[in-house]
Amino acid sequence: MRIKKYFLAFALILIAIALVSCASNPKNIGPSASLSVLSQADIKNGYLGSSQNENPYMEPLSLVRGRQTEFVIIRINISISSEASVNFYASVKNETGENLADLKTKDEFIRFWQGWQGDPMLNRQRELNIQQTYIPASDFSLKPGNYTYYAVLMAKYPIPRPAKIHAELNVSGISPAILDIPLADPSVGRPKGLF
Amino acid sequence: MKKLIVLLLTIAMVGAVSAQVTTSVSLSGSVYLWNKQSAAADKATLSPNGAGYDILKFSATGKDENYGLFVQDNDLIKTVAFNPDYWAVWYKVSMVKASMGSLNGGSFVQYFNNGWLENYDPTDAMYGNGLLVETAAPISGFNVGVYLPLSGATIVNTLKATSAGFNYAVGEVATVCGQANLDFVSNATTVNIGFDYTGLPGLDGYGWFEYQQAGSAVAGGVGGQYKTKTWRAGAEFEGANNFANWDVVANARYYVTPVLFVQVRPEYRSTGRFRVRGYANYAFGNGFSAEAMAGYDSNPAAGAYTGFISYAKLGYSVSF
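Residue numbers (our numbering), protein chains in the order written: chain D, 1 to 195; chain H, 1001 to 1320.
Here chain D stands alone, though its shape is the one from the complex:
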């Protein structure tokens, strides 16, 4: 009987959370979709802060080996007033069309960080931030609302230049957002030393 009471309380918490999530979508939103590329400096000064233990978009640094991996970070902004399907694709290619970086899925990005560090509490915070901010999939659907996601293309540092970033965001009912820009020099937005 007592167990039943506790289980009921637990279930009520779940239901309350579900209700909160249903009431969260603002109305009267102008539909829009946009893409932008963020530097490491943008990332450090952004929403997730400058702690490497929590911000998964800060490139990992090795005390001995220095910077091993280069991140190309794309921010995706979507505002929709009705349910829509979303398709996202991105690449970094050289002049001959060779692929220079891998677009990571959310699970792949989580696994990358799990292999990097051992402290489970630090990994949990970083993983949580990925869960909340990384683009869910290449194809997915969204309810009305404002959304900001991030996607990461990853390769061994430094990615050979010249290279071009290409990204496409297709949201049903909205004109596609297309990004075609050269990959900035590796020194742009990155500190020179380890700190």
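Rather than coming from a laboratory, the hints here were simulated on the basis of the structure. Careful, some of the hints might be misleading.
What the hints assert, rightly or not - Straight-line distance between alpha carbons at most 30 Å, and here's what the computed BS3-like set of lysine-lysine pairs gives:
#1 H:Lys-1092 x D:Lys-104
#2 D:Lys-143 x D:Lys-104
#3 D:Lys-104 x H:Lys-1229
#4 H:Lys-1063 x H:Lys-1092
#5 H:Lys-1063 x D:Lys-156
#6 D:Lys-93 x D:Lys-106
#7 D:Lys-156 x H:Lys-1092
#8 D:Lys-156 x D:Lys-104
#9 H:Lys-1229 x D:Lys-106
#10 D:Lys-143 x H:Lys-1229
#11 D:Lys-106 x H:Lys-1092
#12 H:Lys-1063 x D:Lys-104
#13 H:Lys-1063 x D:Lys-164
#14 D:Lys-104 x D:Lys-164
#15 H:Lys-1063 x D:Lys-93
Using the hints provided, position chain H relative to the given structure of chain D.
Just chain H now, kept in the frame of chain D:
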């Protein structure tokens, strides 16, 4: 010790130049410069941050992420010796991943994401020498796993101590998980379920509930945090022994600059203990930080000071 570091760095360097294997060597923990929280911790000299806080981990992963291994040593600095606490080799075949070694837990238990409370964690028996077989990737949102401990005296006893778990992604807004830790040898089976809600930007809500066959007791916890770029606020509650024992804590943090935050954390326990702590934390970058704490403890844990408490410590979370 020096030989160990040289060995790990050599392995890391070999991995760095190898196109087939990705390696990582990381060390995290903290060292007190000053610690006035309890008589046991009262040391003016450098001391590590207690048991389990200094973690050295080496991992290697094949290029296609189909195989790998890891070795982890806790309390490296405290014991100044390399005695691996956990290690495992793992391999993926199609949709199945098998890990074997001295494992450090599965991923089917929901802990407190912020870890402000830690007296009553849900039971995770996927520890120690054993074999964990799980899905390599979600199947329709589901991951499942089965763990066989290899320490049973007989095959029958091993099977009687099997653990099995699942987690399921509810759209993009939440995950639910559950784990059964069988113990038919001692009649101490536990079953727990948990959730983690991340559906609203900046908000994280989580909880767990556990039934313990021994004593027919229940335990559980719930917590959450909301964060913006400059501040965070959250709370956690946990209870055990049919919630006869419980703790509750609140936490508020404000970022003065992107690298400096101040934080206050009041806490109350059903034993009557009240504690409030204020923190200032500065991140130097690349995994190094300094933290100072000052607060008040009404007492009553064994060895704890009553009255004013404080510490200063250096934290590190670095990779080689």
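Each hint, compared with the structure:
1. H:Lys-1092 x D:Lys-104: Measuring from Cα to Cα gives roughly 19 Å; hence the hint holds.
2. D:Lys-143 x D:Lys-104: Holds - the C-alpha atoms of Lys-104 of chain D and Lys-143 of chain D are around 24 Å apart, at most 30 Å.
3. D:Lys-104 x H:Lys-1229: holds (25 Å)
4. H:Lys-1063 x H:Lys-1092: holds (13 Å)
5. H:Lys-1063 x D:Lys-156: Between Lys-1063 of chain H and Lys-156 of chain D the Cα gap is close to 12 Å, so the pair holds against 30 Å.
6. D:Lys-93 x D:Lys-106: holds (21 Å)
7. D:Lys-156 x H:Lys-1092: holds (24 Å)
8. D:Lys-156 x D:Lys-104: Satisfied, since the Cα-Cα distance of roughly 14 Å is no more than 30 Å.
9. H:Lys-1229 x D:Lys-106: Holds, at about 22 Å.
10. D:Lys-143 x H:Lys-1229: holds (25 Å)
11. D:Lys-106 x H:Lys-1092: With Cα atoms ~19 Å apart, Lys-106 of chain D and Lys-1092 of chain H stay inside 30 Å; holds.
12. H:Lys-1063 x D:Lys-104: Roughly 14 Å separates the two Cα atoms, so the pair holds.
13. H:Lys-1063 x D:Lys-164: Holds - the C-alpha atoms of Lys-164 of chain D and Lys-1063 of chain H are around 25 Å apart, at most 30 Å.
14. D:Lys-104 x D:Lys-164: holds (17 Å)
15. H:Lys-1063 x D:Lys-93: holds (21 Å)
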